[in-house]
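*Asks:* Protein chains in written order, with the working numbering: chain D, 2 to 293; chain Y, 1360 to 1977.
Hints are supplied without guarantee of correctness; some may be wrong.
[As the list claims (entries may be wrong)] Label pairs and their in silico Cβ distance ranges:
1) Asp1815(Y) x Leu171(D): 38 to 44 Å
2) Gly1832(Y) x Arg192(D): 48 to 54 Å
3) Ser128(D) x Pro1497(Y): 39 to 45 Å
4) Ile1377(Y) x Arg88(D): 38 to 44 Å
5) Asp120(D) x Leu1646(Y): 19 to 25 Å
6) Ala159(D) x Phe1540(Y): 55 to 61 Å
7) Leu171(D) x His1500(Y): 41 to 47 Å
8) His1740(Y) x Leu186(D): 26 to 32 Å
Hint data in this document are derived by calculation from the structure and do not stem from the laboratory. Virtual Cβ for every residue (Gly too), placed ideally from N, Cα, C.
One letter stands for each residue in the lines below.
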Amino acid sequence: MPPTAVILSQAFSGFAFGTLLALMSSGLTIIFGTLGFVNFAHGAMFMLGAYAAFLVLTYTHSYIAALAAGALILLVAAFVLERGLLRFFYVRPPEDQLLVTFGLSVMLIEGIRYFFGSDSQRVSPPSWGDGIVNFWGIFYYPLYRVEVIGIAAAFLLALYLLLYHTSVGLMVRAGIEDRLMVGLLGIDVRRMFLLVFAVGAMAAGVAGVIFAPLSAVIPDMGTPFLIQAFVVVVIGGLGSFGGAIVGGILVGELLSLTTAFNPDYSQVSIYLAMTLVLILRPRGLFGAVGRI
Amino acid sequence: MSASVVARRGSRWLPEIIVVLLLVGLPFGFVAAFDTVDLLSRILVWGLFGIGFDLLFGYSGLLSFGQAAFFGTGGFMTAYLLTSHTLTNVWLAMLAGVVAAMLLGVLVGYLALRRVGLYFAMITLAFAQLSYFVEDSPLAHWTGGENGLPGVPPPTIEIGPLTFSFGSGWRTYALIATLFFLGYVLARFIVRSPVGAVLAGIRQNADRTAALGHSVPGYKLAVFVLAAAYAGLAGVLLGIFQSYMPPGAFSVDTSGQLVFQTVIGGVGTLLGPTVGAAVWLFLRDELQQIPGVGSLWMFILGAIFVLLVTLLRKGLYGTVAVWWQSHAVARVAATRSEPRPRAAVRPHPGAAQPTPPSAAGAAATPVLEARSVSKNFGGVHAVSKVSLTVPTGEIYAVIGPNGAGKTTFLRLLSGEMVPTGGRVLLRGHDITGQSVTAVNREGIAKSYQINQLFNDLTSRQNLRIAALGRHRGTLRFDVFRAADSIPEVEESIAGVIDELGLAAIADLPVATLPYGEKRRIELGLALATLPSVLLLDEPLAGLSPGERQDVIRLIRRLAKGRTIVLVEHDMDAVFALAARIMVMHLGRPLAEGTPAEIRRDAEVRRAYLGGLKAHVHA
Chain D
2 MPPTAVILSQ AFSGFAFGTL LALMSSGLTI IFGTLGFVNF AHGAMFMLGA YAAFLVLTYT
62 HSYIAALAAG ALILLVAAFV LERGLLRFFY VRPPEDQLLV TFGLSVMLIE GIRYFFGSDS
122 QRVSPPSWGD GIVNFWGIFY YPLYRVEVIG IAAAFLLALY LLLYHTSVGL MVRAGIEDRL
182 MVGLLGIDVR RMFLLVFAVG AMAAGVAGVI FAPLSAVIPD MGTPFLIQAF VVVVIGGLGS
242 FGGAIVGGIL VGELLSLTTA FNPDYSQVSI YLAMTLVLIL RPRGLFGAVG RI
Chain Y
1360 MSASVVARRG SRWLPEIIVV LLLVGLPFGF VAAFDTVDLL SRILVWGLFG IGFDLLFGYS
1420 GLLSFGQAAF FGTGGFMTAY LLTSHTLTNV WLAMLAGVVA AMLLGVLVGY LALRRVGLYF
1480 AMITLAFAQL SYFVEDSPLA HWTGGENGLP GVPPPTIEIG PLTFSFGSGW RTYALIATLF
1540 FLGYVLARFI VRSPVGAVLA GIRQNADRTA ALGHSVPGYK LAVFVLAAAY AGLAGVLLGI
1600 FQSYMPPGAF SVDTSGQLVF QTVIGGVGTL LGPTVGAAVW LFLRDELQQI PGVGSLWMFI
1660 LGAIFVLLVT LLRKGLYGTV AVWWQSHAVA RVAATRSEPR PRAAVRPHPG AAQPTPPSAA
1720 GAAATPVLEA RSVSKNFGGV HAVSKVSLTV PTGEIYAVIG PNGAGKTTFL RLLSGEMVPT
1780 GGRVLLRGHD ITGQSVTAVN REGIAKSYQI NQLFNDLTSR QNLRIAALGR HRGTLRFDVF
1840 RAADSIPEVE ESIAGVIDEL GLAAIADLPV ATLPYGEKRR IELGLALATL PSVLLLDEPL
1900 AGLSPGERQD VIRLIRRLAK GRTIVLVEHD MDAVFALAAR IMVMHLGRPL AEGTPAEIRR
1960 DAEVRRAYLG GLKAHVHA
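Please work from the sequences and hints to get the whole structure.
*Replies:* Quick look at the structure:
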């Protein structure tokens, strides 16, 4: 049994990572819920956000500007991809949608590799994130990691308010329940699809910006994150916003706490948890019956 | 006649012959161009990996993003057994690698196949990651973790005093090419076999395939494990070819590369993935040489991939194959002046009619019986306490306004839904709660309100999927006979084609047919399973008046020796056909009786027929 301080510190770290994962997964899940397809390029979009943070933080040292740049780049990318390519795939089988976003993800990753190389880029945390927090002398924690929870939670709250307290959000949620019906009610589904795809992509981009100072920024960085987000939505229930948040924190904690006990099993544990959910509750913790 | 038979026999083996010639001839070209045959060996390893994946994705429609799990497991099992000297016989270790991959395939398949479509893809990807991390950390002591396992020995053959090792270059190529060829031949057998026909059915409409008496979960698991075996063998060969087993075999990039190559080459072609592998490896090796462009080779591949997915979904090989085939067909049609197939013949009495398995029995024996069957969805009572008893040879109609629960009631009888209460009996034997597949095996078939066809296949192939269920059982691996070589099956199909007058359109793809013809094939699918009970859900919906008369006559004919339960809104047809009628309203039976009794029933008039008076001519 590891010391309590280690467990507490790991639990905290798991929570910080979990909120980020929740932000990433909520983007994935609302895109799936509305457009009906799994965005395989979500990991690459996360990576784009991290590179935006790298560029902007290196040249301006303004965190706000980095967040804005991450969101803006993804907004533009989402607009171009949805209007230019993905909208032609709404009528095609789900496998084709998966394949085309997979191909796009490879293009994005390799495009970035061409310009920045495969070397890892270092991004330093903002000046107000420098320092160490002393948690009652039990454990110490880097300040930025504490702030990450707040920043990610703020974006999740914004997403929640957008989805549950605006008329646009009501349409989006109605679209998740029954896409055809929303179209029949005279709501412009095409514009709604574009909006949701952009919002989902921006969630991934913002998560990438927040994550950049915590890790090495490399072209492939989004792939493991994407697969973890898949685990999150399978556990939480694909298409469920609440499921993405609960699942994200659950997976973050699992990764982190298992590390305290035996790091060899930290990655293994989340896939075992997913297997368990698949056996006991195939539609996920919060998934609706008959959605898939 | 005999000449065309010979020609057909010849073309049966033509692809195999071409592949052998290429496998023998191509290496000389490669040696001339690259001084080594190794590039071709590597292409064939990936090609073999791809044949299995194509059976899974191209032929059965199951897109797995986790084939790396089996590729890695096969390779590492063999590499470990050999480098640790647990086994000294390399052939045995290779077999053990394939078996290990298959066992993992059973486990992953059991879990992942519980879901379909996107979920299936994501779950297989996650399991591949799981196996990657298991190899990397918990098993690092045995697998070398991130270093992999170097020193995998090649297999040898001893002939008398001579030892022949498949060590390197040409010899490894000979081993890989031989196994590739065997893998290709097996896959060709499977695709042409009844199993292949059922897999095509699953790809296009899994629910209907299950309703036609095939064990969809069984076939899916079988093809998943088979793909795992191909992946495992490819992994084993990679280790032997490189004398080193890299941990990257397990990585998500491996699964991704396989998907890439298969889609670029062509899905559903068996050889497409090999073409894709050639494109991939060639671009990787050749573009790298060009300064400035070299580092963009993956980007270029990605762009090609996106372009092909968007515009040429059949891939490079697939597009060429389709073009070649259509030209070949045109050429054959031009040279051969065979008489056109007979026009539709009206069935004459006594024509080869599908005979139900137990048509005997007095007319009064109840065949189908429902005892107070109910279905609730939460608090909604869609069907509550509905009973019926139908003897052989009777047409029993269920009518009622929209939302009365008629279709749900039929679904309870067909096994598509499990009733919340009550029992369904067939010839006195309780079938409540049995799956739709099992119920079909018992002799109940349903034709659907909305056509449930296999759109890419011809009418004949559609009917074949239905007839195969009756003659082969729910799950069978008869891969070494052709799907169209079973006399009883072909006889059933001919009978249905004759009965429904489909001869003229029998060999056209269903997707190209007009609605009325599709509707007849929908009925034909149910008939081809040779049911003793036929459930018809609005068989006349959407038909023209002329077509309606045809189908009404047909239903009357079909009732001989069969039991028919009919749900229909066309009151003229119902009152003309049915011996007895049940009126349903709000999920409950409102009245039951002969057409005359129903017409007189005051309550029925008030609730239902009153509003439709114009349609009921006495």
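*Asks:* Hint by hint, which ones does the structure fall short of?
*Replies:* 7
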